[in-house]
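Peer 1: All chains, full assembly: derive it from the sequences and hints.
Same order as they appear, the protein sequences are chains A and B.
Note that our numbering has the first sequence beginning at 9, numbered continuously upward.
Note that our numbering has the second sequence beginning at 9, numbered continuously upward.
In case anyone wonders, no lab produced these hints; they're calculated from the structure.
You may find that some hints are simply not true.
It does not matter which identical chain is meant; a pair holds if it fits inside one copy or across any two.
[To be verified] Below are the SDA-like pairs computed for lysine to any residue, each with C-alpha atoms no more than 25 Å apart in a straight line:
{"id": "1", "residue 1": "Lys170", "residue 2": "Arg113"}
{"id": "2", "residue 1": "Lys170", "residue 2": "Arg109"}
{"id": "3", "residue 1": "Lys65", "residue 2": "Arg114"}
{"id": "4", "residue 1": "Lys327", "residue 2": "Glu270"}
{"id": "5", "residue 1": "Lys170", "residue 2": "Ala110"}
{"id": "6", "residue 1": "Lys313", "residue 2": "Glu154"}
{"id": "7", "residue 1": "Lys43", "residue 2": "His218"}
{"id": "8", "residue 1": "Lys43", "residue 2": "Gly171"}
{"id": "9", "residue 1": "Lys170", "residue 2": "Leu41"}
{"id": "10", "residue 1": "Lys170", "residue 2": "Glu44"}
{"id": "11", "residue 1": "Lys170", "residue 2": "Asp108"}
{"id": "12", "residue 1": "Lys313", "residue 2": "Arg114"}
{"id": "13", "residue 1": "Lys170", "residue 2": "Asp104"}
{"id": "14", "residue 1": "Lys313", "residue 2": "Ser324"}
{"id": "15", "residue 1": "Lys170", "residue 2": "Leu62"}
{"id": "16", "residue 1": "Lys65", "residue 2": "Leu36"}
{"id": "17", "residue 1": "Lys65", "residue 2": "Glu38"}
{"id": "18", "residue 1": "Lys313", "residue 2": "Arg35"}
{"id": "19", "residue 1": "Lys170", "residue 2": "Glu111"}
{"id": "20", "residue 1": "Lys170", "residue 2": "Gly63"}
{"id": "21", "residue 1": "Lys65", "residue 2": "Asp308"}
{"id": "22", "residue 1": "Lys170", "residue 2": "Asp124"}
{"id": "23", "residue 1": "Lys170", "residue 2": "Tyr49"}
There are 2 protein chains.
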Amino acid sequence: MNPTTSDAEVAAERLAEFYEPVADEMRLVESRLRKEMQSRYPFVDELVRYGCMLGGKRLRPALLLLTAKACGEVREEHIVLATVLEMIHTATLVHDDVLDRAEQRRRLATVNSRWDNEASILLGDFLFSHAFFLASTTGDAFACREIGLSTNRVCEGEIRQKGSRGQYDLAEDEYLDIIDAKTAELCACACHLGAHYAGATADVVEQMTHFGRELGIAFQIADDLLDLYGNEDDIGKSLGTDLDQRLLTLPTIYTLRESTVEDRGRLLSAMQEESPELHSLLFDAFSRYDAVAYTRRRGDEYVAKAIRRLSPLSDSPAKSVLDRIARFVVDRSF
Amino acid sequence: MNPTTSDAEVAAERLAEFYEPVADEMRLVESRLRKEMQSRYPFVDELVRYGCMLGGKRLRPALLLLTAKACGEVREEHIVLATVLEMIHTATLVHDDVLDRAEQRRRLATVNSRWDNEASILLGDFLFSHAFFLASTTGDAFACREIGLSTNRVCEGEIRQKGSRGQYDLAEDEYLDIIDAKTAELCACACHLGAHYAGATADVVEQMTHFGRELGIAFQIADDLLDLYGNEDDIGKSLGTDLDQRLLTLPTIYTLRESTVEDRGRLLSAMQEESPELHSLLFDAFSRYDAVAYTRRRGDEYVAKAIRRLSPLSDSPAKSVLDRIARFVVDRSF
Numbered sequence: 009m010n011p012t013t014s015d016a017e018v019a020a021e022r023l024a025e026f027y028e029p030v031a032d033e034m035r036l037v038e039s040r041l042r043k044e045m046q047s048r049y050p051f052v053d054e055l056v057r058y059g060c061m062l063g064g065k066r067l068r069p070a071l072l073l074l075t076a077k078a079c080g081e082v083r084e085e086h087i088v089l090a091t092v093l094e095m096i097h098t099a100t101l102v103h104d105d106v107l108d109r110a111e112q113r114r115r116l117a118t119v120n121s122r123w124d125n126e127a128s129i130l131l132g133d134f135l136f137s138h139a140f141f142l143a144s145t146t147g148d149a150f151a152c153r154e155i156g157l158s159t160n161r162v163c164e165g166e167i168r169q170k171g172s173r174g175q176y177d178l179a180e181d182e183y184l185d186i187i188d189a190k191t192a193e194l195c196a197c198a199c200h201l202g203a204h205y206a207g208a209t210a211d212v213v214e215q216m217t218h219f220g221r222e223l224g225i226a227f228q229i230a231d232d233l234l235d236l237y238g239n240e241d242d243i244g245k246s247l248g249t250d251l252d253q254r255l256l257t258l259p260t261i262y263t264l265r266e267s268t269v270e271d272r273g274r275l276l277s278a279m280q281e282e283s284p285e286l287h288s289l290l291f292d293a294f295s296r297y298d299a300v301a302y303t304r305r306r307g308d309e310y311v312a313k314a315i316r317r318l319s320p321l322s323d324s325p326a327k328s329v330l331d332r333i334a335r336f337v338v339d340r341s342f
Numbered sequence: 009m010n011p012t013t014s015d016a017e018v019a020a021e022r023l024a025e026f027y028e029p030v031a032d033e034m035r036l037v038e039s040r041l042r043k044e045m046q047s048r049y050p051f052v053d054e055l056v057r058y059g060c061m062l063g064g065k066r067l068r069p070a071l072l073l074l075t076a077k078a079c080g081e082v083r084e085e086h087i088v089l090a091t092v093l094e095m096i097h098t099a100t101l102v103h104d105d106v107l108d109r110a111e112q113r114r115r116l117a118t119v120n121s122r123w124d125n126e127a128s129i130l131l132g133d134f135l136f137s138h139a140f141f142l143a144s145t146t147g148d149a150f151a152c153r154e155i156g157l158s159t160n161r162v163c164e165g166e167i168r169q170k171g172s173r174g175q176y177d178l179a180e181d182e183y184l185d186i187i188d189a190k191t192a193e194l195c196a197c198a199c200h201l202g203a204h205y206a207g208a209t210a211d212v213v214e215q216m217t218h219f220g221r222e223l224g225i226a227f228q229i230a231d232d233l234l235d236l237y238g239n240e241d242d243i244g245k246s247l248g249t250d251l252d253q254r255l256l257t258l259p260t261i262y263t264l265r266e267s268t269v270e271d272r273g274r275l276l277s278a279m280q281e282e283s284p285e286l287h288s289l290l291f292d293a294f295s296r297y298d299a300v301a302y303t304r305r306r307g308d309e310y311v312a313k314a315i316r317r318l319s320p321l322s323d324s325p326a327k328s329v330l331d332r333i334a335r336f337v338v339d340r341s342f
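Peer 2: So this is what it looks like as structure tokens:
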């Protein structure tokens with residue numbers, strides 16, 4: 009169950025406030041995105057403009073720009089590469105919506121529900137391709153290489169996640185490695201490019217890359233928890249889209265690992281048989297084994313690690329906002 | 009209706025013979041492709057290795073390498089970029105198979121039929137991403153840019169083709185422009201990169217780019233004709249996959265344009281109503297208006313244009329094979 013629209017709106021407002029130190033640069037990214045996402049062919053134009061609206065919170069561009077500002081100055085490359093990352097992220101969302109058969113995203117009909125799966129596949133491909141092209145306009149093969157490497161890992165992560173369906177013995181390490189690839193990698197890439205093109209030292213670039221990765225992992229842990237619990241009004245009303253797709257996330261992995269032989273056996277049978285009792289068995293086990301507290305603790309650990317990565321930076325509004333965003337991603341997901 | 013397997017096999021054998029002047033380099037591309045298309049994660053590995061087998065005839069790498077050899081020497085960049093183009097082509101095939109709900113490709117089950125649509129989408133994304141990454145390993149942003157631009161046009165062409173479904177007044181120029189984008193663009197890119205990295209003059213690079221484009225257009229015209237007529241055993245047994253998808257190709261565009269008001273009216277109604285009589289009406293009209301002869305003539309014109317582009321090159325086995333490939337694509341498609 010996802011957060012309600014009002015939660016999402018509150019989150020978006022709070023994020024906009026976080027983006028304040030790079031507000032002008034975020035506007036440049038937004039107009040660059042709109043400029044790139046158009047076409048002289050009417051149907052292509054309609055489709056890509058629609059795609060442009062689906063992204064939403066622009067977390068990756070913001071991480072890139074805030075890192076750049078916290079490390080030095082925002083340059084033209086930063087604007088271009090922030091746009092590139094948002095396009096790649098949007099491509100993965102558009103393709104995810106086909107896989108998840110999602111009908112809505114951020115109050116808008118998904119491309120697959122407004123048009124069809126074919127339109128989603130082609131729009132996603134257009135976005136990937138256009139993003140790589142745009143990266144090449146920096147004239148720097150390094151940018152193309154970093155973005156290519158990160159996108160490879162995102163795609164690999166998505167495939168690994170698919171391969172993990174119904175894998176009820178998924179270990180916590182493997183889960184973390186998959187979310188690192190499918191979610192945290194682009195956040196790490198954003199911070200890496202932000203620091204690199206601001207002329208940061210190799211050590212700072214490395215620390216900032218870790219910052220992005222750890223923040224991304226914490227974000228996904230919190231997001232997976234929201235998938236099970238939603239907001240408070242909805243607690244326990246559904247199994248969550250992950251379990252519906254036979255994907256294990258941290259609360260379930262932890263509970264299966266910590267539970268008694270009897271509890272584990274009962275849960276595994278209910279999962280394998282997709283038993284109607286799974287829901288009550290699982291939420292009952294979460295509560296007996298304190299799975300939510302454990303999951304929150306793991307998320308908090310990643311946030312704490314991420315925040316420590318900021319220590320080499322001198323104080324600045326951008327640095328302080330990076331610190332606050334890291335705390336915010338586990339406090340309330342969006 | 010597609011050519012039978014034995015036709016495809018004959019075509020593949022004839023092509024292998026054409027590739028003789030770059031046989032060693034084609035082997036390097038093949039082994040590079042196998043090296044790039046693997047993963048340390050078992051499910052990813054299984055999927056990408058399977059994808060590697062779906063490409064088949066390796067026309068684009070061959071065009072790139074033959075152009076390189078006809079213009080100068082084959083270099084490491086050529087091997088890398090030939091591999092890149094084959095990966096991009098394979099990505100589009102894998103996604104096309106989802107759109108066409110195809111079950112077989114080159115005697116192999118498609119990814120969507122062996123696994124599911126999700127696997128196809130993710131594999132195609134992996135291939136796009138990996139191709140762009142690989143292009144960046146040349147260290148030359150020019151290569152990334154050219155490949156990005158071409159892939160943008162391919163994606164745009166695919167979207168425009170989708171947008172042209174049921175557009176029964178599609179003009180010949182628009183049809184040609186769409187096949188230029190969705191098919192000929194990657195052939196043009198292959199010849200462009202082949203000539204550029206062999207150190208050809210700007211004029212030769214331009215001529216070779218035209219050569220690839222014109223050859224690609226002729227290839228697609230012939231391919232669309234095969235979709236309607238298949239090989240001789242199958243003549244007229246089916247409407248063809250294009251018309252099933254309400255896509256007009258050259259024989260139909262020509263016939264609608266040239267036919268009397270009565271004939272046109274009858275054909276348009278049959279198309280709009282998806283009438284069971286469409287098949288006999290259409291093939292009868294093709295025959296009365298000589299649509300096949302017209303289509304063949306248009307294909308031949310593109311081949312003749314393409315061949316004239318080769319005149320600035322000195323004679324060589326590679327040049328002579330480029331000439332023969334251009335003639336072959338309309339003689340027998342594959």
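Peer 1: State for each hint whether it applies.
Peer 2: Verification of the hints:
1. Taking identical chains as interchangeable, the C-alpha atoms of Lys170 and Arg113 lie at most 25 Å apart whether they share a chain (21 Å) or sit on different chains (24 Å).
2. For the identical chains of this complex, Lys170 and Arg109 are neighbours both inside a copy (15 Å) and across copies (21 Å), given an alpha-carbon limit of 25 Å.
3. In this assembly of identical chains, Lys65 and Arg114 lie within 25 Å of each other by CA distance solely inside one copy; the values are 10 Å within and 44 Å between copies.
4. Within a single copy, Lys327 and Glu270 get their C-alpha atoms no closer than 49 Å, and across copies no closer than 74 Å, so neither meets the 25 Å cut-off.
5. With identical chains, the CA atoms of Lys170 and Ala110 are at most 25 Å apart both within one copy (16 Å) and between copies (22 Å).
6. Taking the closest pair of Cα atoms, Lys313 and Glu154 come within 25 Å of each other only inside a single copy of the chain (24 Å); across copies the shortest separation is 41 Å, beyond that limit.
7. In this assembly of identical chains, Lys43 and His218 lie within 25 Å of each other by CA distance neither inside one copy nor across copies; the values are 32 Å within and 29 Å between.
8. For a Cα distance limit of 25 Å, the shortest separation of Lys43 from Gly171 across copies, 22 Å, qualifies, whereas the shortest one inside one copy, 37 Å, does not.
9. Proximity of Lys170 and Leu41 under a CA criterion of 25 Å is satisfied inter-copy only: 24 Å between copies versus 30 Å inside one chain copy.
10. In this assembly of identical chains, Lys170 and Glu44 lie within 25 Å of each other by CA distance solely across copies; the values are 21 Å between and 31 Å within a copy.
11. In this homomeric assembly, Lys170 and Asp108 come within 25 Å of each other (Cα to Cα) both inside a single copy, at 11 Å, and across copies, at 23 Å.
12. In this assembly of identical chains, the alpha carbons of Lys313 and Arg114 never lie at most 25 Å apart, being 31 Å within a copy and 51 Å across copies at closest.
13. Taking CA atoms no more than 25 Å apart as the test, Lys170 paired with Asp104 passes in both settings, with 11 Å inside one copy and 21 Å between copies.
14. Taking CA atoms no more than 25 Å apart as the test, Lys313 paired with Ser324 passes inside one copy only; the shortest distance there is 20 Å, against 63 Å between copies.
15. In this assembly of identical chains, the alpha carbons of Lys170 and Leu62 lie at most 25 Å apart whether taken from the same copy (23 Å) or from different copies (21 Å).
16. For a Cα distance limit of 25 Å, the shortest separation of Lys65 from Leu36 inside one copy, 15 Å, qualifies, whereas the shortest one across copies, 45 Å, does not.
17. In the homo-oligomer, the alpha carbons of Lys65 and Glu38 lie at most 25 Å apart inside one protomer (11 Å), although the nearest pairing across protomers, at 43 Å, exceeds that limit.
18. In this assembly of identical chains, the alpha carbons of Lys313 and Arg35 never lie at most 25 Å apart, being 30 Å within a copy and 48 Å across copies at closest.
19. Taking the shortest Cα distances, Lys170 and Glu111 sit within 25 Å of each other both inside one copy (20 Å) and across copies (21 Å).
20. For the identical chains of this complex, Lys170 and Gly63 are neighbours both inside a copy (23 Å) and across copies (24 Å), given an alpha-carbon limit of 25 Å.
21. Proximity of Lys65 to Asp308 under the C-alpha cut-off of 25 Å is restricted to the intra-copy arrangement: shortest distance 22 Å within a copy versus 53 Å between copies.
22. Taking the shortest Cα distances, Lys170 and Asp124 sit within 25 Å of each other both inside one copy (22 Å) and across copies (11 Å).
23. In this homomeric assembly, Lys170 and Tyr49 come within 25 Å of each other (Cα to Cα) only across copies, at 12 Å, whereas the closest approach inside a single copy is 35 Å.
The structure fails hints 4, 7, 12, 18 (numbered hints given earlier, in ascending order).
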